[in-house]
Amino acid sequence: EDQVTQSPEALRLQEGESSSLNCSYTVSGLRGLFWYRQDPGKGPEFLFTLYSAGEEKEKERLKATLTKKESFLHITAPKPEDSATYLCAVQAYGGSQGNLIFGKGTKLSVKP
Amino acid sequence: EPEVTQTPSHQVTQMGQEVILRCVPISNHLYFYWYRQILGQKVEFLVSFYNNEISEKSEIFDDQFSVERPDGSNFTLKIRSTKLEDSAMYFCASSEGTAKNIQYFGAGTRLSVL
Numbered sequence: 001e002d003q004v005t006q007s008p009e010a011l012r013l014q015e016g017e018s019s020s021l022n023c024s025y026t027v028s029g030l031r032g033l034f035w036y037r038q039d040p041g042k043g044p045e046f047l048f049t050l051y052s053a054g055e056e057k058e059k060e061r062l063k064a065t066l067t068k069k070e071s072f073l074h075i076t077a078p079k080p081e082d083s084a085t086y087l088c089a090v091q092a093y094g095g096s097q098g099n100l101i102f103g104k105g106t107k108l109s110v111k112p
Numbered sequence: 001e002p003e004v005t006q007t008p009s010h011q012v013t014q015m016g017q018e019v020i021l022r023c024v025p026i027s028n029h030l031y032f033y034w035y036r037q038i039l040g041q042k043v044e045f046l047v048s049f050y051n052n053e054i055s056e057k058s059e060i061f062d063d064q065f066s067v068e069r070p071d072g073s074n075f076t077l078k079i080r081s082t083k084l085e086d087s088a089m090y091f092c093a094s095s096e097g098t099a100k101n102i103q104y105f106g107a108g109t110r111l112s113v114l
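Protein sequences, first through last, are from chains A and B.
So that you can map any letter, position 37 of the first sequence is 37 in my numbering, and since no number is skipped, the others follow by simple counting.
So that you can map any letter, position 61 of the second sequence is 61 in my numbering, and since no number is skipped, the others follow by simple counting.
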C-alpha cells in the first residue's frame, strides 16, 4: 500500500534557527513528490515538485531534496511568516490517474 | 495569477440534506479533483475527472457522492444525503495533465453537518 509519513508532527523554532522536515514514502513506483504549505483554514499551496532521487529545488529559505526513500524540506534561517503546516504528497505509478497521497503534515511554528 | 475558486467558504447543513459544493478550476486546466480533510487528519483523495467523466475514485466516494461539470467553467461535488461524518474541509484542485503535473488547490469549503 502506498504510504507517506511525515516527521516530526510539530516543530517549534526560534527565528533564525535552521532545521529540516522529513517525509518518508513507500510507493510501488514514484511519479513525483510534492511539497505544499497549508495555512490554517486554507487550501494547500504548492511549493516544490521532485521527480528523481538526487534532485533538489530551492525557493527563498526553503530547499527540498529527494532520495529513493525520503524527502527533506530544509528551512534556513526561518522567519515567523514561515509558520504553517507543511504537507508532503506523492503521486504513484500503477492505476492512479494522478491522485496525490498526502502525509499528515508537520506543523511549524517560528517564534520571533 | 490564476487560481482555483471555491464557493461557499462555509456550508452548514442538516443531516440527510443534499449539498452542492462549487469550484471554478484554472481556465486552461483539463484535470479536476476533489479531496477532503477531516479536522486533524490527512488530506484524502475523493475523485478525479477528465473529459466529462470520472477517471478514478477512492473508496470514500460512494453512491452518495457525484461530480459534474455543468458548463465550461464550473465543477461541482454533490453529496445526496449528508451524514455527520461528512463534516470536513473539501478541496477542489486542477492540473494541466496528470502524470508529473502540479495540482493547484482552492481555499476549500468547510462543510458542517448538524
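These are calculated hints, taken from the structure and not from any lab test.
There's no promise every hint is true.
Stated by the list, open to error - List time: in silico EDC-like cross-link candidates among lysine to aspartate or glutamate, alpha-carbon distance up to 20 Å:
1) K42(A) to D86(B)
2) K42(B) to E45(A)
3) K83(B) to E96(B)
4) K57(B) to E60(A)
5) K78(B) to D2(A)
6) K79(A) to E55(A)
7) K42(A) to D71(B)
Claimed, not checked - Not everything, but these chain B residues come out facing chain A in the computed CB check (under 8 Å):
8) H29
9) Y33
10) F61
11) F65
12) R69
13) A88
What the hints assert, rightly or not - Not close to chain B: a few residues of chain A, all C-beta gaps over 10 Å, as computed:
14) K42
15) G43
16) T49
17) E55
18) E58
19) K59
20) T76
21) N99
22) K104
23) G105
For every residue, glycine included, the Cβ atom is placed at its ideal position computed from N, Cα and C.
How the hints compare with the structure:
| no. | hint | in the structure |
| --- | --- | --- |
| 1 | K42(A) to D86(B) | holds (18 Å) |
| 2 | K42(B) to E45(A) | holds (15 Å) |
| 3 | K83(B) to E96(B) | violated (33 Å) |
| 4 | K57(B) to E60(A) | violated (36 Å) |
| 5 | K78(B) to D2(A) | violated (28 Å) |
| 6 | K79(A) to E55(A) | violated (25 Å) |
| 7 | K42(A) to D71(B) | violated (26 Å) |
| 8 | H29 | violated (12 Å) |
| 9 | Y33 | holds (7 Å) |
| 10 | F61 | violated (11 Å) |
| 11 | F65 | violated (15 Å) |
| 12 | R69 | violated (16 Å) |
| 13 | A88 | violated (13 Å) |
| 14 | K42 | violated (5 Å) |
| 15 | G43 | violated (4 Å) |
| 16 | T49 | violated (6 Å) |
| 17 | E55 | holds (12 Å) |
| 18 | E58 | holds (17 Å) |
| 19 | K59 | holds (14 Å) |
| 20 | T76 | holds (24 Å) |
| 21 | N99 | violated (4 Å) |
| 22 | K104 | violated (5 Å) |
| 23 | G105 | violated (8 Å) |
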